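So the sequences go chain by chain: L and A. So the first sequence is numbered by my numbering: it starts at 288 and just counts up by one. So the second sequence is numbered by my numbering: it starts at 19 and just counts up by one.
Source of the hints: derived by calculation from the structure; they are not laboratory data. Here the structure is a predicted model, which is why all the values come from computation and not from measurement. Among the hints, a few may not be true.
What the hints assert, rightly or not - Distance condition first, Cα-Cα at most 30 Å in a straight line; then the derived DSSO-like pairs of lysine-lysine: (1) Lys-87(A) / Lys-294(L); (2) Lys-318(L) / Lys-87(A); (3) Lys-438(L) / Lys-348(L); (4) Lys-474(L) / Lys-300(L); (5) Lys-87(A) / Lys-327(L).
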Amino acid sequence: MSVLSVKHLLGIKYLNEKDIQLIFETADQFKEVINRSIKKVPSLRDITIANIFFESSTRTKLSFELAEKRLSADVINFSASQSSVKKGETLIDTVNNILSMKVDMVVMRHPNPGAGIFLAKHVKAAIINAGDGAHEHPTQALLDSYSIREKLGDVAGKKVVIIGDILHSRVALSNIFALKLQGAEVKVCGPKTLIPKYIETLGVDVEPNLQKALEWCDVANMLRVQNERMEMSYFPSTREYTQQYGINRHILDGLKKEIVIMHPGPINRGVEITSDVADSSQSIILHQVENGVAIRMAVIYLLASQIK
Amino acid sequence: MLVAQTMSQKVLLSSKEIHIILHRLACQLLENHLDFSNTVLIGIQPRGSFLANRLAKILKEEYKVAEIKLGLLDITFFRDDFRRSDKPLEASTTNIDFLVEGKNVVLIDDVLYTGRSIRAALTAIQSFGRPQEIELLTLIDRRFSRHLPIQPNYRGRQVDAINNEKVKVMWVENEGKDVVYLVNK
Chain L
288 MSVLSVKHLL GIKYLNEKDI QLIFETADQF KEVINRSIKK VPSLRDITIA
338 NIFFESSTRT KLSFELAEKR LSADVINFSA SQSSVKKGET LIDTVNNILS
388 MKVDMVVMRH PNPGAGIFLA KHVKAAIINA GDGAHEHPTQ ALLDSYSIRE
438 KLGDVAGKKV VIIGDILHSR VALSNIFALK LQGAEVKVCG PKTLIPKYIE
488 TLGVDVEPNL QKALEWCDVA NMLRVQNERM EMSYFPSTRE YTQQYGINRH
538 ILDGLKKEIV IMHPGPINRG VEITSDVADS SQSIILHQVE NGVAIRMAVI
588 YLLASQIK
Chain A
19 MLVAQTMSQK VLLSSKEIHI ILHRLACQLL ENHLDFSNTV LIGIQPRGSF
69 LANRLAKILK EEYKVAEIKL GLLDITFFRD DFRRSDKPLE ASTTNIDFLV
119 EGKNVVLIDD VLYTGRSIRA ALTAIQSFGR PQEIELLTLI DRRFSRHLPI
169 QPNYRGRQVD AINNEKVKVM WVENEGKDVV YLVNK
């Protein structure tokens, strides 16, 4: 059936494999649309979407806004730094006030894990989670898998290693759920302090050695070290992190096969990835960004079709 | 017995009639567009693509038109029943690898009923440029059922069908035979 099994996109955890296939097939059509000379379709003329960002974002916010505008939805933007949140308003009150202005869908980024789930229980609107703390970032995982599918033909059976700060990363968790659901093999690689305890229960292996991890994989997804979420020191120095877990041309040239390099951005050039790798033909970083718009159009379109 | 009664169908066009009609439509297109140098055929997805492919083939193979530009247009995202229809809207592929700027466009669909699909197609085609002129070709034209002021320039067969009847067009490529049924729902 061509309907999602969910009314909100709160996390990959709540999707099934058919949902992901449907989102990808719909995104294929939207990718064709955004490569036309006129990149807009009128589907969502009567839908209003609020983008509520309680945490800073460049790519995700622009990508969502562009996706909404390409679908002809009306868009309002809200960021916590310039709002009544500072005056002590609660999350539900803020959102209900926005909804009473007849908003149909809310795209929300929030520093607290589960903020989207909480909101979905208490307000009447379709909710899309654009990142909730270190919990989930479902549209990022969808566009990552979509980019792998585009580059390698399929996700099933592929070997993907996620490298870096797994502990603070919502991208890692959503990617693990999405990749496992589609039948990929997943390993995580990083300093022991940045690998969550019990991560094996999600069906992934831990590979502390970068060289071994790269030898094993088809795709390496590089993550940024999230200094803003660290209230203590997890590794001795950035320089030491780079020496052990940063990838550069030299390491990639030493591998027997050519692997695909991904990064959800923002990149810290020279820390987890050097410029000659980030800008190489092996890297699909900018394809990920392009696919992000198509994926978000698909998610918004499919969720909006269920609003009655 | 009950099933047979509720799902009665009668043949509107046989394979032979379809064959004759397709050739007539091809000739009518030729008459107006000659060598097709400034004309493009656009099949409306999903069901119009079979008819468009068939006409392009006849024009090329039997009437020796050297080059025919053929595109397939999906109108799902341009429909006016998004969120109003009980059935989910399923998108098909759009494949138009040329601009329609300044071209004579012939939209091709199998059945013209309310005219809403054609309205959507008229909007959708604008994403590919500003055509010089747009014409409409349909195999079946259901009379007296239009919701919009849209009429075909080329029609295969005009039929009077009441609202609880459905016109079903089948193609060799898809269903294994060429035939048009009038089905009583």
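So, going through the hints one by one against the coordinates:
For the suggested pair Lys-87(A) and Lys-294(L), the alpha carbons sit about 42 Å apart, so the restraint of at most 30 Å is broken. For the suggested pair Lys-318(L) and Lys-87(A), the alpha carbons sit about 23 Å apart, so the restraint of at most 30 Å is met. The hinted pair formed by Lys-438(L) and Lys-348(L) meets the criterion: a straight-line CA distance of about 25 Å does not exceed 30 Å. Distance check on the hinted pair: Lys-474(L) and Lys-300(L) sit about 18 Å apart at the alpha-carbon level, within 30 Å; holds.
A hinted pair counts as satisfied when its Cα atoms are at most 30 Å apart, and Lys-87(A) with Lys-327(L) qualifies at roughly 24 Å.
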